[in-house]
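K.L.:
Next come the chains, spelled out residue by residue.
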Amino acid sequence: MLSCKEVSELVSESLDRRLTLRQKLNLWMHLAMCKLCTRFRKDIVYLDSQTRTLIHEAPGVMMDPKVELSSEAKTRIARKLTERN
Amino acid sequence: MEAPVEKPHRALDPNEWVELHGDSLFQYAYSRLRNSDSAEEVVQETFVSALKHAGQFRGKGAEGAWLMGILKRKVVDHIRKSLRSGLQVDTSEGTDITEILYDEAGMWRPEYRRDDFRPLDSLEKEEFWRVLEKCLSGLPLRQANAFKLRTLEEQSTEEISKDLGITASTVWVLLHRARTRLANCMRSHW
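Chains as they are written, first to last, in my numbering: chain A, 1 to 85; chain B, 1001 to 1190.
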């Protein structure tokens, strides 16, 4: 029987690699009986999928329109470009 | 001396270029790197690289998208570099999150056995991002960078481990800690 800590490791790894059949069975057996780990799994999977979804669907959400390149920085960059051009 | 670059249709005016695209490029870079100096550095690298390869650029209106494409790769490179240097100095991992959540037997500690936590999927989009960013900034650097490469930049574990010269299982451990910490932090942030 897997401990809750081991389950959390497998839940995370399942997002990065294919688990073995044995690991999958052990994982599902534990999850079927453990509410806390089921909740943990739901959160971790959602964290991953929602982050990816937001990046593709609403990249604007992540960007702050108030963020600007300072005029000093613009001058610095433009000078650098002029030197190379 | 570098070989002269092939000029695109119209002469490039660096000042105009920076004025036109600087802010949107910087906004993207800042959203990923959360550091003004790093973001500026990456934007500069983007312009320099774009200038060098200006001959490859043909389309007129798509200049912004072309620059953004270069910028995105530069951002990934930057996160990789900082993850690599983080490995060298071996910055502190912080407290092992799993020791906080689980006892010696690997079972949930009593304080996490409550059922009044709101699940993450109850967060609105905007709030989800705001809280994620806040919690990301509180993560140990290596964990934050591993999470960013994997989830924001969508690199495979193999790519990350090959690039950094660490084993895949080290990457899994970093990601496991990062995700666990993030979920734990985000749950307690509204």
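Honestly, the hints are just simulated from the structure, not real lab data. Warning: the hint list may mix true and false statements.
What the hints assert, rightly or not - Each pair of labels, with its calculated beta carbon distance range: (1) A:K35 x B:G1064: 48 to 56 Å; (2) B:D1163 x A:L19: 43 to 51 Å; (3) A:E72 x B:D1103: 51 to 59 Å; (4) A:E57 x B:D1103: 35 to 43 Å; (5) A:P65 x B:R1113: 39 to 47 Å; (6) A:K66 x B:D1096: 33 to 41 Å; (7) A:M29 x B:Q1056: 52 to 60 Å; (8) B:S1122 x A:T75: 44 to 52 Å.
Remember, predicted model here, so these are calculated numbers, not experimental data. Note that the Cβ used here is the ideal one computed from N, Cα and C, for glycine as well.
K.L.:
Take the hints in turn and mark each one as holding or not.
P.N.:
Evaluated hints:
1. A beta carbon spacing of about 49 Å between K35 (chain A) and G1064 (chain B) agrees with the range 48 to 56 Å that was offered as a hint.
2. Against the hinted window of 43 to 51 Å, the Cβ-Cβ separation of D1163 (chain B) and L19 (chain A) comes to about 24 Å, which falls outside the hint.
3. A hinted range of 51 to 59 Å for the beta carbons of E72 (chain A) and D1103 (chain B) is consistent with their spacing of about 53 Å.
4. Taking the beta carbon of each, E57 (chain A) and D1103 (chain B) are about 40 Å apart, inside 35 to 43 Å as hinted.
5. For P65 (chain A) paired with R1113 (chain B), a C-beta distance near 43 Å keeps the hint of 39 to 47 Å intact.
6. Taking the beta carbon of each, K66 (chain A) and D1096 (chain B) are about 37 Å apart, inside 33 to 41 Å as hinted.
7. Hint check: M29 (chain A) to Q1056 (chain B), Cβ distance near 55 Å, so the stated range 52 to 60 Å holds.
8. The beta-carbon spacing between S1122 (chain B) and T75 (chain A), approximately 46 Å, falls within the hinted interval of 44 to 52 Å.
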